[in-house]
Amino acid sequence: MEKEKFISVIKDNQNLIYKICYSYCSNAENRKDLQQEILIQLWNSFSKFDGRVKLSTWIYRIALNTAISFYRNDSKHSDKKVSIDASIISLSNFEYVPEQDENITMLYQFIEKLNEMDKALILLYLDDNKQKDIAEVLGISETNVATKISRIKKILKEQFRNN
Amino acid sequence: MELEELKSVWAQYDKKLSQNLKLNEELLRKMNLEKSKKEMNAPLFYEIISVIGGAIFLMFIVSATIRYSYELEFLLPGIITSIIVSIWVYNSISKMKLLTNIEYYNSSIIELQKSINTFKLKYQTSKKFELYSIPAFAIAAFPILGIAMRNFDIYEHPIRFIVGIVLSLILGYPGQIWIYKNLYEKKLKNATNFLDELSQFEKEE
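Read top to bottom, the protein sequences are chains A and B. In this text, residue positions in the first sequence follow this note's numbering: the first is 1, and each later residue adds one. In this text, residue positions in the second sequence follow this note's numbering: the first is 164, and each later residue adds one.
Just so you know, not all the hints are guaranteed correct.
Each computed DSS-like pair below joins lysine-lysine, with the alpha-carbon atoms no more than 27 angstroms apart [as the list claims (entries may be wrong)]:
#, chain 1, residue 1, chain 2, residue 2
1, B, 350, A, 11
2, B, 185, A, 132
3, A, 119, A, 130
4, B, 193, A, 3
5, A, 48, B, 350
6, B, 179, A, 119
7, A, 32, B, 178
8, A, 113, B, 350
9, B, 350, A, 132
10, A, 5, B, 170
11, B, 258, A, 54
12, B, 277, A, 54
The hints are simulated quantities; they were obtained by calculation from the structure and are not laboratory data.
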């Protein structure tokens, strides 16, 4: 029963997980592993979710933390929990290929260049989270969030001007 | 393009993803998710075993040292061995404490990453001590363990003892240095650098 509830939560938030995996892993094989790792961590914490924070805030926190740890892990490919061949969350058909969307490709290229913490910040910002929520997920002040966003804006402007 | 414009491009992308993403429920059901809970506790389990094993060994060494305290040639190695093992046990207790303090599911990203990397830092530095102290431990423990466990006095066989010391020093130290440099040094540097990055990120700009 709990597993069914979990699957439905994942179904409702699969976009978020997909975007985080895509931003932290450019390699498709690693992306599959990261996706699996995020789902395992979400499942492990599922029973501990007490509703004190929004469900999406909770998912962001766990998914981003897992992605950062995965990215920083010194032996990321040696400790796969379960061996699976296919992606759990994938594009259902090829009617939409994000790589063909020029702006999205450029944006992902830009995100790829950022460090792990800035990546988390920009993803939360692009997903239209409020500054208060971003501050809560990251653990920094709202003023700091605002300052960092304006710094990233400047860099981004430069990058798009150069392209 | 401004970041605000990209936000609307991103929103459209999100909409397209909603229409095209598919969750493989069958695969998710098949994943042995319960198994991973046990695997998560493995480092803590390892430290608990190290503390218990280390404490038992320490008690044995201390009692043997007390038993032979009237002979300086056993007292001194006994004290050195006890100090080394005490530091090993202390390091394991510190790692255990750090591990149990990690709040995986209710911490902000900064908090969690800081605790994970503080643990990594502690792990790597205690590994360095463990590796570098193994040859000294072997040299010091041999006389006291020999006499306490098998009533074997190594000082009556000076050639064997000297060969043991020389081998520990010649093979042991370069070996431990090689292991540390190749397996742990980079990890220690990574953890230190990331902790610096996190502090930098936390600072108001």
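Going through the hints against the structure:
1. Using a Cα cut-off of 27 angstroms, the hinted pair residue 350/B and residue 11/A is violated, with the two alpha carbons roughly 36 angstroms apart.
2. Distance restraint check for residue 185/B and residue 132/A: the Cα-Cα separation of roughly 31 angstroms exceeds the 27 angstroms cut-off, and the hinted pair is therefore not satisfied.
3. Of the supplied pair hints, the one linking residue 119/A and residue 130/A holds, its CA atoms being roughly 16 angstroms apart against a limit of 27 angstroms.
4. Under the criterion of a C-alpha separation no larger than 27 angstroms, the hint pairing residue 193/B with residue 3/A is consistent with the structure, at around 11 angstroms.
5. For the proposed pair residue 48/A and residue 350/B, the alpha carbon gap of about 31 angstroms is over 27 angstroms, so the pair is violated.
6. Our distance criterion of 27 angstroms between C-alpha atoms is met by residue 179/B and residue 119/A, whose separation comes to about 22 angstroms.
7. The hinted pair formed by residue 32/A and residue 178/B meets the criterion: a straight-line CA distance of about 22 angstroms does not exceed 27 angstroms.
8. Between residue 113/A and residue 350/B the CA atoms are separated by roughly 22 angstroms; this keeps the pair inside 27 angstroms, and the hint holds.
9. A hinted pair counts as satisfied when its Cα atoms are at most 27 angstroms apart, and residue 350/B with residue 132/A does not qualify at roughly 34 angstroms.
10. Annotation: proposed proximity of residue 5/A to residue 170/B is violated, straight-line Cα distance about 31 angstroms (limit 27 angstroms).
11. The straight-line distance between the Cα atoms of residue 258/B and residue 54/A is roughly 32 angstroms, outside the 27 angstroms bound, and the hint therefore fails.
12. Restraint check for residue 277/B and residue 54/A: the C-alpha separation of about 23 angstroms stays at or below 27 angstroms, so the hint holds.
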